[in-house]
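Fit chain E to the given chain L structure using the hints.
Chains as they are written, first to last, in this note's numbering: chain L, 159 to 482; chain E, 122 to 238.
Hints may contain errors.
To be verified - Only pairs whose alpha carbons sit at most 20 angstroms apart, straight line, appear in this in silico SDA-like list of lysine to any residue:
| id | chain 1 | residue 1 | chain 2 | residue 2 |
| --- | --- | --- | --- | --- |
| 1 | E | LYS144 | L | PHE364 |
| 2 | E | LYS144 | L | LEU420 |
| 3 | E | LYS158 | L | THR220 |
Claimed, not checked - Okay, the calculated beta carbon distance ranges per label pair:
| id | chain 1 | residue 1 | chain 2 | residue 2 | range |
| --- | --- | --- | --- | --- | --- |
| 4 | L | ALA415 | E | ASP206 | 30 to 40 angstroms |
| 5 | E | ASP201 | L | SER205 | 26 to 36 angstroms |
| 6 | E | LYS191 | L | GLU403 | 35 to 45 angstroms |
What the hints assert, rightly or not - Facing chain E, according to a computed beta carbon distance under 8 angstroms, are these residues of chain L, among others:
| id | residue |
| --- | --- |
| 7 | GLN238 |
| 8 | ASN242 |
| 9 | GLN248 |
| 10 | LEU249 |
| 11 | LEU356 |
Everything labelled a hint here was simulated from the structure, so no lab data went into it.
Given the structure is predicted, the values throughout are model-derived calculations rather than measurements.
Cβ atoms here follow ideal geometry from the backbone N, Cα and C, with glycine treated the same way.
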Amino acid sequence: MRGALIVAGVCVGLVGCASVPRDQAAQLAKSGAEASDLAAADVRDLSGRLDRQEELMAFTATWETCIELSNPAECQPVEQSDANARQVDQLVQAINLRAAALTALADAYRALGQEAEYDAEGAMEAVVGRLTTSVNAYADVIQPGTGSLISAPAGGAVNMGAGLLARDRQRARLREGSVRIRQAVVLLRQSLGAEVSLFNRLSASFAEQEGAAVEALYDAGLISRAPLLQPMAQSLGLTLTMEAEQILATNPSARGAAVAFLRGQANDRVRQQAARYDAILKTLSKLEAAHADFETLGAADIADLNRAIAEITALIPAPKEAGQ
Amino acid sequence: MSTHEDRFALAAQAYSDAWNARKADRKACGGDATRLKAINDNLDGLHTEMLRAANAWLGETGPDVEAAFKAAGDAKAAVDKARQDAVDIVTRLGAFADLLSGVKTLIDKAQKATAEA
Chain L
159 MRGALIVAGV CVGLVGCASV PRDQAAQLAK SGAEASDLAA ADVRDLSGRL DRQEELMAFT
219 ATWETCIELS NPAECQPVEQ SDANARQVDQ LVQAINLRAA ALTALADAYR ALGQEAEYDA
279 EGAMEAVVGR LTTSVNAYAD VIQPGTGSLI SAPAGGAVNM GAGLLARDRQ RARLREGSVR
339 IRQAVVLLRQ SLGAEVSLFN RLSASFAEQE GAAVEALYDA GLISRAPLLQ PMAQSLGLTL
399 TMEAEQILAT NPSARGAAVA FLRGQANDRV RQQAARYDAI LKTLSKLEAA HADFETLGAA
459 DIADLNRAIA EITALIPAPK EAGQ
Chain E
122 MSTHEDRFAL AAQAYSDAWN ARKADRKACG GDATRLKAIN DNLDGLHTEM LRAANAWLGE
182 TGPDVEAAFK AAGDAKAAVD KARQDAVDIV TRLGAFADLL SGVKTLIDKA QKATAEA
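Same shape as in the complex, but just chain L:
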């Protein structure tokens, strides 16, 4: 009798935990892991670009400076200052915190999926704990002391429901896991949202520096120029002539048009990056809504969520083939 009362009490607290649907949890976990993995990959790409920035800037600045010197013998490497290097390192670390938080989110979704599919009791607690730590570390860098940090899970929170039948315990854990993950999703969305303008500015700045490095390599005659225009010719179903390389090297009009094309490509990349960022924020909002539906036994709109994930996937460039 006492055991039955405990069961009833916990289930009331969990808004009818006995009815939490496992299939829906598995679908939510699969979609959440996919979206988090895509977002983490995008963030790691940004971190890699920032890491390469120093060498690109040094090359470009040295080339552009030395061609202006009246005495070419005075040409010296233009190097990044120590203060600049320190700030770049700090920014790389901050971006890596963001990637780590998104990876921890993907891991938490995979643990939720295992719990739903295999009744993997105890699999979630450590993973959700790592998620909380990781998201808090990221959010604290973005907006320190704003009081929006999620609290670490209470001891055994996702193992709650002692005294329930095994099936009901699993459902209680699924719901509690969903609550914890949703809190992390909300904080991640808020923190990423606070960084939109910063992210877009930095992304545009990287694209400009990458474009300037290509122009410097082009003008120095250190790269084959014709392959740079290959994507345009290919998209039009055309083939570049054998003379293209020579024309691009010697004809100022052809050089100007090629540089305009390269800048257009760089601007496209900036727009795509901004669109992916928006799509990630939109998907996090949909994940949040799907969790809330799941926890209150509503019909989580997984199809809508998957449409948002498809939007991010469509914006991610196809991997280049070897040799491209």
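Using the frame of chain L, we list chain E on its own:
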């Protein structure tokens, strides 16, 4: 009152403008190595300040911060005008130095105000 975003945007725009004008500014140096170095140091400094603004949460303001924000904005307007009027490179380098100093002061003040809040 300026916001965190306004302060970052000012630092980022100062760098972006300097980056976009770098070739013309270098050309105006007439091949002089010392002036070319000053252009490169200015670009590195503004890039550093933009990254400093990106790395720091500049959430708080106050009279010191607002005064620094206005001074940096005025210095930026002076640089814009110097480039627009194509004034001689020595005068232009002086305006660049004032802008770099103004942005650095702004970020120092905003960081201090945020740390003390």
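Worksheet entry | Violated hints - listed by number, lowest first | Those not satisfied come down to hint 6.
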